[in-house]
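Enquirer: Protein sequence lines, in the order shown, are assigned to chains U and Z. Under our numbering, read the first sequence as residues 129 to 431, first letter to last. Under our numbering, read the second sequence as residues 129 to 431, first letter to last.
Since the hints were derived computationally from the structure, they do not count as laboratory data. There could be a bad hint or two in this list.
No distinction is drawn between identical chains; accordingly, a pair holds when it is met within one copy or between any pair of copies.
[Said to hold, decoys possible] List time: in silico DSS-like cross-link candidates among lysine-lysine, alpha-carbon distance up to 27 Å: (1) 238 <-> 271; (2) 365 <-> 196; (3) 403 <-> 365; (4) 271 <-> 377; (5) 406 <-> 365; (6) 377 <-> 406; (7) 406 <-> 350; (8) 238 <-> 195; (9) 192 <-> 131; (10) 352 <-> 406; (11) 366 <-> 196; (12) 153 <-> 271; (13) 237 <-> 327; (14) 377 <-> 403; (15) 343 <-> 406.
Number of protein chains: 2
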Amino acid sequence: MKKVIESVPNFSEGRRKDVVIEIVKQAEETENVWVFDWSMDHDHNRSVVTIVGDPEYVGEAIFKMAKKAVELIDLRHHTGGHPRMGAVDVIPFVPIKNSTEDECIELSKKVGKRIGEELQVPVYLYEKSAVNKERSNLSEIRKGQFEGFFEKIRSPQWKPDFGPSEVHPTAGVVAVGAREYLIAFNVNLGTQDLNVANKIARAVRYSSGGYRFVKAMGVDLKEKGIVQVSMNMTNYKKTPLFRVFETIKREAERYGVSVVGSEIVGMIPMDALVKTFKYYLGVDDLNDERVIEYRLLDEISGS
Amino acid sequence: MKKVIESVPNFSEGRRKDVVIEIVKQAEETENVWVFDWSMDHDHNRSVVTIVGDPEYVGEAIFKMAKKAVELIDLRHHTGGHPRMGAVDVIPFVPIKNSTEDECIELSKKVGKRIGEELQVPVYLYEKSAVNKERSNLSEIRKGQFEGFFEKIRSPQWKPDFGPSEVHPTAGVVAVGAREYLIAFNVNLGTQDLNVANKIARAVRYSSGGYRFVKAMGVDLKEKGIVQVSMNMTNYKKTPLFRVFETIKREAERYGVSVVGSEIVGMIPMDALVKTFKYYLGVDDLNDERVIEYRLLDEISGS
Chain U
129 MKKVIESVPN FSEGRRKDVV IEIVKQAEET ENVWVFDWSM DHDHNRSVVT
179 IVGDPEYVGE AIFKMAKKAV ELIDLRHHTG GHPRMGAVDV IPFVPIKNST
229 EDECIELSKK VGKRIGEELQ VPVYLYEKSA VNKERSNLSE IRKGQFEGFF
279 EKIRSPQWKP DFGPSEVHPT AGVVAVGARE YLIAFNVNLG TQDLNVANKI
329 ARAVRYSSGG YRFVKAMGVD LKEKGIVQVS MNMTNYKKTP LFRVFETIKR
379 EAERYGVSVV GSEIVGMIPM DALVKTFKYY LGVDDLNDER VIEYRLLDEI
429 SGS
Chain Z
129 MKKVIESVPN FSEGRRKDVV IEIVKQAEET ENVWVFDWSM DHDHNRSVVT
179 IVGDPEYVGE AIFKMAKKAV ELIDLRHHTG GHPRMGAVDV IPFVPIKNST
229 EDECIELSKK VGKRIGEELQ VPVYLYEKSA VNKERSNLSE IRKGQFEGFF
279 EKIRSPQWKP DFGPSEVHPT AGVVAVGARE YLIAFNVNLG TQDLNVANKI
329 ARAVRYSSGG YRFVKAMGVD LKEKGIVQVS MNMTNYKKTP LFRVFETIKR
379 EAERYGVSVV GSEIVGMIPM DALVKTFKYY LGVDDLNDER VIEYRLLDEI
429 SGS
């Protein structure tokens, strides 16, 4: 197993634990695939599973999980805080090691086609796999949600990429696509003034003129008595963490506020560590292959 | 394979390539062991091999390499710039992953005992494996070299830890022990003044009052027209790279000199990247297990 990718499918079930476990089991029972994390959200009535492994087998696991979700989840009876359009709502594929965006796009099409044909669920290719700009944006696709899709799907503009031209009566539709690894990165500020966090969030985020691959908002951490710039880094290769962090430090100075720490939520690819190391220590020629564990992973997985 | 260690044996042969290849082959043919690097130095007449793998198998590979070196290298005819006392001169064991210093000490004793008994080469346990302070220092053990050891070994103070009480006639003696991972870390200064590099080297190195686990010297990089603080970081866990780097930056300021880059020679453990990332981005709770490739290595090697 030389190539490694990640997939983080979202399912519209966050209350019946037995159902989520049954879905997760499909991945656990697939060889060359590992479940790194799964979590349920009761209020959103939604669950998220993180699986990592060989691309071909990840595709296989995803299909089995989708099949199980279509069997066990009935969106006609689904309520929850998070917008959704399908029993399996969205399936991103992310290159991790020795794999490319193009390979993930190809896989998303292969898996999408199979879900469309074998499960009779309409499939929309999104993000890097999308055929046009409108479909690259997940929230554009999801507009109208499950209930609205019975009408929306009749518009020629919203003809599915794969599968039937009718919404699956209980499982809705699904978005499948390739995207970059997303790092959840939060920076804490030594103030209780939420305004400062919001101003800094606006300074760094794309939507208000900041860095291309940053989504950010100010968050009040009342229990800790501080505020936070909470971010999704949607492409750490092109908009690196260190650059955004240094900008936040400088912006905080304007308000006489200190950065008092930061946090990574969930997992991080080793490459993001290498990039940060190189920047701060001024190392030019380091690469992943020079990290012992990375090399070891190559050797073991290659044998 | 859950536990991973490294060993970097040094052999007193840097001119006959066929001999070195024969020695390296012993490790390549051992399962659960990988040769990450090997190099020969003609002037030193010495070669260094880096192997990584499961502790038990690394011990096995080391014994086979030592056996081959004893067969093929005759120190009576050896000349070279580097001090040496044995055909296989020194064998360090380094914990890398899910393994401890104590386990490496235990392994060094097991392998040392076997080399002593089966190859009839006297063995000195050094560094963390040493029974007293004198033997912890490799250069103390090596004093007198191969030629001087026929006399030195008769002193009660230099009775070997394992093996015969007579020097092996052609293969000499060997030092075996556990030590920390050594990172070769060089920082470049934007000046041609070697004095500045020497002053800064003295400021950071242990021997002249600096950090506990730093060896350093100034080096003139004539071709590049700059000078360098060249360091061996002998315990990056206790004396981290970032702290020494920041000290060098501050010291350089005193002389109106800039740090213009730095380099890591050879390989680096992932943990050193994690520590640097945490320091500069102010992340408190990150650990190795949250790095995708590290976790993946766990999963693959555990199966």
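Enquirer: With reference to the structure, classify each hint as holding or not holding.
Expert: Quick rundown of the hints versus the structure:
Proximity of residue 238 and residue 271 under a CA criterion of 27 Å is satisfied intra-copy only: 25 Å inside one chain copy versus 67 Å between copies. For the identical chains of this complex, residue 365 and residue 196 are neighbours neither inside a copy (35 Å) nor across copies (47 Å), given an alpha-carbon limit of 27 Å. Within a single copy, residue 403 and residue 365 get their C-alpha atoms as close as 8 Å, and across copies as close as 20 Å, so both meet the 27 Å cut-off. In this assembly of identical chains, residue 271 and residue 377 lie within 27 Å of each other by CA distance neither inside one copy nor across copies; the values are 37 Å within and 53 Å between.
Within a single copy, residue 406 and residue 365 get their C-alpha atoms as close as 13 Å, and across copies as close as 18 Å, so both meet the 27 Å cut-off. Taking CA atoms no more than 27 Å apart as the test, residue 377 paired with residue 406 passes in both settings, with 19 Å inside one copy and 15 Å between copies. In this homomeric assembly, residue 406 and residue 350 come within 27 Å of each other (Cα to Cα) only across copies, at 24 Å, whereas the closest approach inside a single copy is 35 Å. When the C-alpha separation of residue 238 and residue 195 is checked against a cutoff of 27 Å, the pair qualifies only within one copy, where the shortest distance is 15 Å, while the shortest distance between copies is 54 Å.
For the identical chains of this complex, residue 192 and residue 131 are intra-copy neighbours only, at 21 Å inside a copy versus 33 Å across copies, given an alpha-carbon limit of 27 Å. Within a single copy, residue 352 and residue 406 get their C-alpha atoms only as close as 33 Å, which misses the 27 Å cut-off; across copies the closest is 20 Å, which meets it. Proximity of residue 366 and residue 196 under a CA criterion of 27 Å is satisfied in neither setting, with 37 Å inside one chain copy and 50 Å between copies. For a Cα distance limit of 27 Å, the shortest separation of residue 153 from residue 271 qualifies neither inside one copy, at 31 Å, nor across copies, at 62 Å.
Taking the closest pair of Cα atoms, residue 237 and residue 327 never come within 27 Å of each other, the shortest separation being 40 Å inside a single copy and 61 Å across copies. Taking identical chains as interchangeable, the C-alpha atoms of residue 377 and residue 403 lie at most 27 Å apart whether they share a chain (19 Å) or sit on different chains (20 Å). In this assembly of identical chains, the alpha carbons of residue 343 and residue 406 lie at most 27 Å apart whether taken from the same copy (24 Å) or from different copies (22 Å).
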